[in-house]
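J.: Using the hints, position chain B against chain A.
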Amino acid sequence: MSEVEETIKRLSAHKGVEGIVVVNMEGISIRSTLDPEKTVQYAALITQLTAKARSVVRELDPQNDLTFLRIRSKKHEIMVSPDKEYILIVLQNPTN
Amino acid sequence: MEIVYVYQRKRKEFGRQPILSDCLAHPSTCLDILPDPQYARNYVERNPCSVEIQSLPDRSEHEVNTESISFTNRGILHLQGGWPKDVDPTDVEHTIRYRKKIEKDDEYLRVVKSLGDTMEHCIKQNNAIDIYEEYFAEINDAIEIEQPWAKSLNVYRDPNPIKRAATSVSWYPDDGHKIAVAYSVLQFQQMPANMSLDSYIWDIENPNIPDHTLTPQSPIVSLKYNPKDPHVLVGGCYNGLLSYWDVRKGSYPVDTSSIEKSHRDPVYNVAWVQSKSGSEFFSVSTDGQVLWWDIRKLAEPTESLLLDPEKNGNIVGGTVLDFETTMPTKFMVGAENGTVLMCNKKAKNPGEKITHIYPGHHGPIRALQRNPFFPKNFLTVGDWTAKIWAEDIRSPIMATKYGLSYLTDACWSPTRPSVFCTSKLDGTVDIWDNLFKQNEPTLTVQVCNAPLHSVKVQEHGKMFAATARDGTTTILELCDGLSRIQNNEKSTFSQMLEREAKREKTLESSARERRIKGQQKRPTSASMRPTAQALEELIKSADDDFFLTIEQAGFQIKPAQQANEVPEVAQSANP
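Residue numbers (my numbering), protein chains in the order written: chain A, 138 to 233; chain B, 45 to 619.
Since the hints were made in silico from the structure, they are not lab data.
Note that the coordinates shown come from a computational prediction; the quantities given were computed from them, not determined experimentally.
The beta-carbon is built from N, C-alpha and C at its ideal position, and this holds for glycine as well.
Do not take every clue at face value.
What the hints assert, rightly or not - Straight line, CA to CA, 25 Å or less: simulated SDA-like cross-link-like pairs of lysine to any residue:
| # | chain 1 | residue 1 | chain 2 | residue 2 |
| --- | --- | --- | --- | --- |
| 1 | A | K211 | B | P217 |
| 2 | B | K54 | B | Y87 |
| 3 | B | K144 | A | N201 |
To be verified - Ranges between beta-carbon positions, derived for each pair:
| # | chain 1 | residue 1 | chain 2 | residue 2 | range |
| --- | --- | --- | --- | --- | --- |
| 4 | A | S192 | B | H275 | 37 to 47 Å |
| 5 | B | T110 | A | N201 | 30 to 40 Å |
| 6 | A | L197 | B | D247 | 33 to 43 Å |
| 7 | A | E142 | B | T110 | 51 to 61 Å |
| 8 | A | L197 | B | S94 | 49 to 59 Å |
| 9 | B | D102 | A | N201 | 30 to 40 Å |
| 10 | A | E142 | B | S295 | 48 to 58 Å |
| 11 | A | E142 | B | V136 | 33 to 43 Å |
| 12 | B | V136 | A | L197 | 36 to 46 Å |
In isolation and in its complexed conformation, chain A is listed as follows (with noise of 0.2 Å):
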């Protein structure tokens, strides 16, 4: 459990660093340092997104596998990092 927080202590002490997200693939999300709604947004739009970023992926090329996602937008940054059964999500704001 502490590994887990620790983790995630060590991740938002980074410069830009807005927010975590931790989201199961069902879209629930389960450690969240946003507000509730936001968290429930991106918890089922990036999961959306996740599943068919790995299908683009895996389309192209059956060997092939999804391995990180990052979103530029003129904002922030998303950066998702997927695994089988769970989602990492970072929100950074770029340097400038």
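T.: Chain B alone, transformed into the frame defined by chain A:
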């Protein structure tokens, strides 16, 4: 002639395949027709002619277009995740318990750790180098000399089966991602009975379906967004009523003015007024009235003005309005008879309201706008020309040539002080850049084949919308050269305007001096008409001069005259 060759064959040999052999075996030619040179005389040898022969399979071309399928975008708002059946998402305790259960899972711990490491690597990457850094952002790109162009981006058609003309367009304030287009039929009594009354707001990205519909009591002729509150629009109707809409409240007007107090002719132009509440506007119509309204109380106008420039009871209908927020008390009205009236809102008595009258054009003024950079100069469009005026001078300081077709609307570019565009009845939009060329438009774009009713440039200066009589609205994009301000453009253009203004002033003053001098020469200048006797003398002397010159010239042309006279006489003799 018949060529016959008889041969015998046994019956059992019928149907056998023919065995061909050289003619030498049976040297019996049936008929031999030799060339007869006589026939050659019927023919002429042709000059060497080239004949092309090609052996190709026949081909044909077909075009097929699928029926267009309409798409709509819909989104789903996801509220809660996929909780398993035993957990009730509304019960907070359940959810917390579920979460805690997962957090105790070993798998979870391991996964979070490994993912965290990957993530950390990327976060550090982001922090180390900003890959989206823009180098040399401060240095503006050099203005390339290129051919000016305007590209049409989208065309928005009237979705109703009976097409009406799109008479006016207004851009959404600030960012301009929507346009409001008013549809009506301006020809008198040409409206079919089941014509739809609606006007639409279009989202720029979606030309298939209007974003919002406005349903008035009678077709809207002019439509404007409130620059302070982008959800509010005011529209002037064909029957003289004014209504205002709030986009959030649906398609029926929030309020409409009462018919007795409104205009008696279609409201050709409305404009919002600078006021503390941001809710005042005024409207003009060809019935000669200019009325001020407050949208909170549309039952009656707050103020009214009759356009009576000669103060003799002849009311002149107004067709366009202009109001500049930097000059809140003055406004301008363009009239049906071609004059432009500059009026002062705060005048004490109605007689003082109209401060200046500019002679204007030969026909009704179709567009009137102050230059957003130089408010003392304004642009008017009427008949076949566009003219630029300065406030103090009676005659235009710059005028375009008489074009081939009637100009219907004009608009200054909000980003470049010397650029304006005009729309014409033949469906073209001319973009004039006074710094570049003054006697010709810099760019002419054929927008469509139908006459254009109005043109409006978006606030960023990059796009403009043109509306046409067949109900289509087209959005065009201007090249950078015409939308981005150049260095020193403001100062150069202001110098040009001053120079032209000075020229007009000197012309005016010299004309005035000449008139004064002319008056001074004749001391009895009270009545310029000569007395009866003097008049007869003048006539006689004029006659004498005339005949003298005829005689002097007559000697030279007399023979020709005689020759001409004779056939004329002959003709008159035989009618």
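J.: Decide, hint by hint, whether the structure agrees.
T.: These are the hints, each one checked on the structure:
| no. | hint | in the structure |
| --- | --- | --- |
| 1 | K211(A) - P217(B) | holds, 23 Å |
| 2 | K54(B) - Y87(B) | violated, 48 Å |
| 3 | K144(B) - N201(A) | violated, 33 Å |
| 4 | S192(A) - H275(B): 37 to 47 Å | holds, 41 Å |
| 5 | T110(B) - N201(A): 30 to 40 Å | holds, 35 Å |
| 6 | L197(A) - D247(B): 33 to 43 Å | holds, 34 Å |
| 7 | E142(A) - T110(B): 51 to 61 Å | holds, 58 Å |
| 8 | L197(A) - S94(B): 49 to 59 Å | holds, 56 Å |
| 9 | D102(B) - N201(A): 30 to 40 Å | violated, 50 Å |
| 10 | E142(A) - S295(B): 48 to 58 Å | holds, 54 Å |
| 11 | E142(A) - V136(B): 33 to 43 Å | violated, 21 Å |
| 12 | V136(B) - L197(A): 36 to 46 Å | holds, 43 Å |
Going down the numbered hints, you'll see the structure goes against 2, 3, 9 and 11, while the others check out.
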